[in-house]
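Colleague: Take a look at the letters that make up each chain.
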Amino acid sequence: MAQATLPPEVLDDAKARRYNADAAGLGRLRAGAFVAPALVLISLFLVFPALWVLYLSLSNYRLTGAAAAAPQSVGFDNFVKALTDPEFWSSTWLTFEFVLGSAVIGQVVLGFLIAWIMRDRTGPIKRIVEGLVILAWILPSAVVSFLWVALLDRDGGTLNTLLHAQDFAPLLDHPMLSIIVFNIWRGAAFSMMLYGAALGNVPPSHLESARLAGASGWQQLRDVVFPHIRGHVLTNLLLISLWTFNDFTPFLLTAGGPDGKTEVLSVHVYQVALQGGELGYGAAVSTVILLINLVVAVFYLRLLRSKK
Amino acid sequence: MSAIELRGLTKVYPGGVKALDSLDLTIPDGEFFALLGPSGCGKTTLLRTIAGLETATGGAVVIGGRDVTGVQPGGRDIAMVFQDYALFPHMDVTDNIAYPLRIKKVARSTREQKAAEVGARLGLDKLMDRRPGQLSGGQQQRVALARVMATQAQAFLFDEPLSNLDARLRLEARTFLKKLQHELGVTTVFVTHDQAEALAMADRMAVMESGHIRQIGTPAEVFQRPANTFVAGFIGSTPMNLLDGVVRGDTVEVADCKLAVPQSAEGLLRDGEKIVYGVRPEYNGYSAEPVDGSLVGKVSIVENLGASYLVTLDVNGVPVQAVVPEGHEPALGDEGYALPRRDRALIYRDGELVSA
Ligand SMILES: Nc1ncnc2c1ncn2[C@@H]1O[C@H](COP(=O)(O)OP(=O)(O)OP(=O)(O)O)[C@@H](O)[C@H]1O
Ligand SMILES: [Mg+2]
Numbered sequence: 001m002a003q004a005t006l007p008p009e010v011l012d013d014a015k016a017r018r019y020n021a022d023a024a025g026l027g028r029l030r031a032g033a034f035v036a037p038a039l040v041l042i043s044l045f046l047v048f049p050a051l052w053v054l055y056l057s058l059s060n061y062r063l064t065g066a067a068a069a070a071p072q073s074v075g076f077d078n079f080v081k082a083l084t085d086p087e088f089w090s091s092t093w094l095t096f097e098f099v100l101g102s103a104v105i106g107q108v109v110l111g112f113l114i115a116w117i118m119r120d121r122t123g124p125i126k127r128i129v130e131g132l133v134i135l136a137w138i139l140p141s142a143v144v145s146f147l148w149v150a151l152l153d154r155d156g157g158t159l160n161t162l163l164h165a166q167d168f169a170p171l172l173d174h175p176m177l178s179i180i181v182f183n184i185w186r187g188a189a190f191s192m193m194l195y196g197a198a199l200g201n202v203p204p205s206h207l208e209s210a211r212l213a214g215a216s217g218w219q220q221l222r223d224v225v226f227p228h229i230r231g232h233v234l235t236n237l238l239l240i241s242l243w244t245f246n247d248f249t250p251f252l253l254t255a256g257g258p259d260g261k262t263e264v265l266s267v268h269v270y271q272v273a274l275q276g277g278e279l280g281y282g283a284a285v286s287t288v289i290l291l292i293n294l295v296v297a298v299f300y301l302r303l304l305r306s307k308k
Numbered sequence: 001m002s003a004i005e006l007r008g009l010t011k012v013y014p015g016g017v018k019a020l021d022s023l024d025l026t027i028p029d030g031e032f033f034a035l036l037g038p039s040g041c042g043k044t045t046l047l048r049t050i051a052g053l054e055t056a057t058g059g060a061v062v063i064g065g066r067d068v069t070g071v072q073p074g075g076r077d078i079a080m081v082f083q084d085y086a087l088f089p090h091m092d093v094t095d096n097i098a099y100p101l102r103i104k105k106v107a108r109s110t111r112e113q114k115a116a117e118v119g120a121r122l123g124l125d126k127l128m129d130r131r132p133g134q135l136s137g138g139q140q141q142r143v144a145l146a147r148v149m150a151t152q153a154q155a156f157l158f159d160e161p162l163s164n165l166d167a168r169l170r171l172e173a174r175t176f177l178k179k180l181q182h183e184l185g186v187t188t189v190f191v192t193h194d195q196a197e198a199l200a201m202a203d204r205m206a207v208m209e210s211g212h213i214r215q216i217g218t219p220a221e222v223f224q225r226p227a228n229t230f231v232a233g234f235i236g237s238t239p240m241n242l243l244d245g246v247v248r249g250d251t252v253e254v255a256d257c258k259l260a261v262p263q264s265a266e267g268l269l270r271d272g273e274k275i276v277y278g279v280r281p282e283y284n285g286y287s288a289e290p291v292d293g294s295l296v297g298k299v300s301i302v303e304n305l306g307a308s309y310l311v312t313l314d315v316n317g318v319p320v321q322a323v324v325p326e327g328h329e330p331a332l333g334d335e336g337y338a339l340p341r342r343d344r345a346l347i348y349r350d351g352e353l354v355s356a
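Protein chains in written order, with the working numbering: chain A, 1 to 308; chain B, 1 to 356.
Wrong hints could be hidden among the right ones.
Under 7 Å between C-beta atoms, here's a sample of chain B residues computed to sit facing chain A [stated by the list, open to error]:
id : residue
1  : 53
2  : 56
3  : 73
4  : 82
5  : 84
6  : 86
7  : 107
8  : 354
To be clear, the hints were calculated from the coordinates, so they are not data collected in a lab. The beta carbon of each residue, even a glycine, is placed where N, CA and C say it ideally should be.
Could you build the full structure based on these sequences and the hints that come with them?
Modeller: Structure (structure tokens):
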């Protein structure tokens, strides 16, 4: 502030440049002091654990026993073990199914459909539909998983009672399908809201112009709507792919079972590291997950940038 | 190419706004028809109802002898230019122009040839590979026109297509559009709130007020003989003088001045009846010397119109305007005399024109 009150001729070139680089006029030290608390928090809770995981992944650290007291470095053994372990690969494949089915296809399509159908609607119907969808999103995981277990349970589950069926056990017979449907239901709200906002950006005259030319609903989507919301679609895909990839809620429904049929990577890490006690190995798998996330993110960001 | 006929067309928006009130209108084949009116009078609504983008609440839309009231916009065989042109930003000029043909499943080579042909006609030949974002406003407007022309629709609808252009380009586009329409001979309905545009371009025009048509006619008819005081007050670069008066034998008494009865109302007035005397400032001859049968007053305002001046006289408390050529403008406070032209002045009874 003191510099701002100086007459302009006092500010020589170098000073002017510094003034521009330091818009708040605080000086390096004081500006640093303002940022420090945030940096400390980020380091403490993000950077340090990440580095700690990297360190653990190179050791034979265990939850209990001798290796817990004095872990030893084992080089890349954990990574080699993970990449040669068929369970790891089956978990990766299950995660892929889960992300593709529930996020990339399920949530995107359902969220978009609801947003598209509700786009020029007003009044109670729209509010009720949106309210219900958002409710599924904001309820705590523990609550919704309990609700779904109660719904799908073999013994006296709501679905069984409604269908008058005996022994219909979706969680046992179609475990992957169950958690996919669950996650679509759970997460469609975000996509719906994002597409709702995106559709508001499509100029009505463009849609009308297509309608006058005789374009069908699908042609309007392809020629007018999609080109306008392409960026939103990619952002949406990026976010929900990563969220779903790292989602742990399936564990609350199926605990990875039956028979590991729903043991997605996040559940797999939990099983090997905390149930099996192999923290070092779990850390290595986590690192691989991190790398996969990075690849996915870079892929979408590339696509987004290629738009321009 | 075909006539447009509207029968008792009514449009009530949800919420109860009656934007069109049982409106009847026939636009013959090949006519360039302008819709004019103040903001909110229902011009856009009328156009959109013809296009089918709004569903009519009542009445019928007939295009080329076919009742299309319940037909989807795409089935009406009409083309529309929107105020914002509605060009697709991700398609180049060729694809934009050819889009309606693509929807009609015309082969790629045919439609590209057609787009090139129409584009060349509108002077777009060097711009065919550009995207709309790389074009100026005037060029975008021509692309929108080209897209409409390429469809070979039965009728064209334009919603204020010139309002995004600057004043000069607007004049050019106006001339260009009129010429183009006459060459193509396609029935065209044109919405504008710029009366100069309507007067200059239209074969016939309608003046609307809150969902009703107040007058239909050629621009000359509407300008010279407004059918009612609404149109009289709306049309013209300077509004018409509408003065309350009383008939006294073969004169009309306006603001304590005696004026001759205009030619158009001769023999149609009853002694003693209350009327409105209308005369455009352009037809109100100003003189500094006393003249018989004129409006006498003190000059209260002098406004510069460029090549002429608009002089406002205070005639016993009633403002009366007259146009004075440059070089003859009076000074404020001068005594002035305004003599309406008898062949141009009009009489309105209960708001409607009195004429044989
Ligand atoms: N979607 C709508 N819902 C409710 N009322 C509407 C809607 N669109 C227009 N109106 C109302 O209908 C009337 C006519 O509107 P319209 O857009 O046809 O006017 P306009 O003559 O085109 O005006 P302008 O010259 O300002 O474009 C207005 O009173 C307007 O408020
Ligand atoms: Mg309008």
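Colleague: Of all the hints numbered above, which does this structure not satisfy? Sort the numbers upward.
Modeller: 2, 7 and 8
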